[in-house]
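For reference, the chains in residue letters:
Protein chains: 2
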Amino acid sequence: MQFKIRAANKEDCKEISRMIMELAVYEKMPDQVKISHEELERDGFCQNPFFECLVAEVPEHHKSREGFTVVGYALYFYTYSTWRGRSQYLEDLYVMPEFRGNGIGKSLLSKVAEVGNQKGCVRLQLSVLNWNTPTRDFYAAKGAQDLTDSEGWHFIRFDGQNLENLVNEAPKDE
Amino acid sequence: MQFKIRAANKEDCKEISRMIMELAVYEKMPDQVKISHEELERDGFCQNPFFECLVAEVPEHHKSREGFTVVGYALYFYTYSTWRGRSQYLEDLYVMPEFRGNGIGKSLLSKVAEVGNQKGCVRLQLSVLNWNTPTRDFYAAKGAQDLTDSEGWHFIRFDGQNLENLVNEAPKDE
Numbered sequence: 001m002q003f004k005i006r007a008a009n010k011e012d013c014k015e016i017s018r019m020i021m022e023l024a025v026y027e028k029m030p031d032q033v034k035i036s037h038e039e040l041e042r043d044g045f046c047q048n049p050f051f052e053c054l055v056a057e058v059p060e061h062h063k064s065r066e067g068f069t070v071v072g073y074a075l076y077f078y079t080y081s082t083w084r085g086r087s088q089y090l091e092d093l094y095v096m097p098e099f100r101g102n103g104i105g106k107s108l109l110s111k112v113a114e115v116g117n118q119k120g121c122v123r124l125q126l127s128v129l130n131w132n133t134p135t136r137d138f139y140a141a142k143g144a145q146d147l148t149d150s151e152g153w154h155f156i157r158f159d160g161q162n163l164e165n166l167v168n169e170a171p172k173d174e
Numbered sequence: 001m002q003f004k005i006r007a008a009n010k011e012d013c014k015e016i017s018r019m020i021m022e023l024a025v026y027e028k029m030p031d032q033v034k035i036s037h038e039e040l041e042r043d044g045f046c047q048n049p050f051f052e053c054l055v056a057e058v059p060e061h062h063k064s065r066e067g068f069t070v071v072g073y074a075l076y077f078y079t080y081s082t083w084r085g086r087s088q089y090l091e092d093l094y095v096m097p098e099f100r101g102n103g104i105g106k107s108l109l110s111k112v113a114e115v116g117n118q119k120g121c122v123r124l125q126l127s128v129l130n131w132n133t134p135t136r137d138f139y140a141a142k143g144a145q146d147l148t149d150s151e152g153w154h155f156i157r158f159d160g161q162n163l164e165n166l167v168n169e170a171p172k173d174e
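Residue numbers (full-length UniProt numbering), protein chains in the order written: chain U, 1 to 174; chain G, 1 to 174.
Note that these hints are calculated values from the structure, not bench results. It is possible that some hints are incorrect.
Since the list can't tell identical chains apart, any single copy or any two copies may satisfy a pair.
Straight-line C-alpha distance at most 16 angstroms; calculated EDC-like pairs for lysine to aspartate or glutamate [what the hints assert, rightly or not]: (1) Lys4 with Glu169; (2) Lys106 with Glu169; (3) Lys4 with Glu66; (4) Lys142 with Glu41; (5) Lys28 with Glu169; (6) Lys28 with Asp137; (7) Lys172 with Glu39; (8) Lys106 with Asp146; (9) Lys10 with Glu114.
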């Protein structure tokens, strides 16, 4: 199947927003999505964007049942390792179910790595849910290492009230 | 003990570099550190910095045995949640052993959260090694959630040859 990987533009945010919800449904946490396409437009297409995004597009004659031609996306940002330096984090990689098995996900992933390589990034990281075997196998097959299994790294998060508490405890500047 | 939390400047990179190594030794992975203070200067103090950093400084009369007055640091960067939006990731939080127990780590953490709050961040994330009980307890006591335990998130990494392979497989632009 023909498809094209390209950098997302502001006008793609509605499509990206739709697919973010589709991915959350797959991850069994649709109620977690609190973000609008307006926020994506604001945060991804400003002076110092919080993220970058690639989209996969198919020709009109391959469009989805619902008539979509933007059928996948990879949303990532730049991070930093104090051991190795410039790195990338892949927040989301998604291909609509009816378009899977055509190498679109693999192409999105490789393109993200290529963009990072051009910026001097030496790592590409992401996270997966332990029950999500197809996804874990997808990355493992490409040589990715599971650092939670191999080194014992755990994800920690502050949000909501416990984050507010931290903010309120911050020392006041003289 | 008196101490001050302030934004790091370029001139602090040698001290930050020294403490990055001290932290890696504590984490039992000193051989993993491949970064120089010149790289920190380049990547943290450029147009679109890859990270931001706070340092903890004590007065001259409290200086460390080796004569250091910069005794802790918190290195973080901005990330993005496609569910919640603007977020922060705390890459490193470190206080020199002889200065622990004075609230310096807590102040660094709170100050990072305050800076994020001013930027509209709704999450502060980080990762810890599962054997590092003191650190896990430190964050848990402040209400942080362990997402690896509660939701089953695993860290995945591409680097070295497997990352190069991805880059080389990227579809070529027409």
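Structure-based check of all given hints:
Proximity of Lys4 and Glu169 under a CA criterion of 16 angstroms is satisfied inter-copy only: 15 angstroms between copies versus 49 angstroms inside one chain copy. Taking identical chains as interchangeable, the C-alpha atoms of Lys106 and Glu169 lie at most 16 angstroms apart only when they sit on different chains, with a minimum of 9 angstroms there against 45 angstroms within one chain. For the homomeric pair Lys4 and Glu66, neither the shortest alpha-carbon distance inside one copy (19 angstroms) nor that between copies (58 angstroms) is at most 16 angstroms. Within a single copy, Lys142 and Glu41 get their C-alpha atoms no closer than 32 angstroms, and across copies no closer than 33 angstroms, so neither meets the 16 angstroms cut-off.
Proximity of Lys28 to Glu169 under the C-alpha cut-off of 16 angstroms is found in neither arrangement, the shortest distances being 35 angstroms within a copy and 31 angstroms between copies. Proximity of Lys28 and Asp137 under a CA criterion of 16 angstroms is satisfied in neither setting, with 19 angstroms inside one chain copy and 29 angstroms between copies. Within a single copy, Lys172 and Glu39 get their C-alpha atoms no closer than 31 angstroms, and across copies no closer than 31 angstroms, so neither meets the 16 angstroms cut-off. Within a single copy, Lys106 and Asp146 get their C-alpha atoms no closer than 18 angstroms, and across copies no closer than 30 angstroms, so neither meets the 16 angstroms cut-off.
Taking the closest pair of Cα atoms, Lys10 and Glu114 never come within 16 angstroms of each other, the shortest separation being 22 angstroms inside a single copy and 30 angstroms across copies.
Of the numbered hints given earlier, the model fails hints 3, 4, 5, 6, 7, 8 and 9; all others are met.
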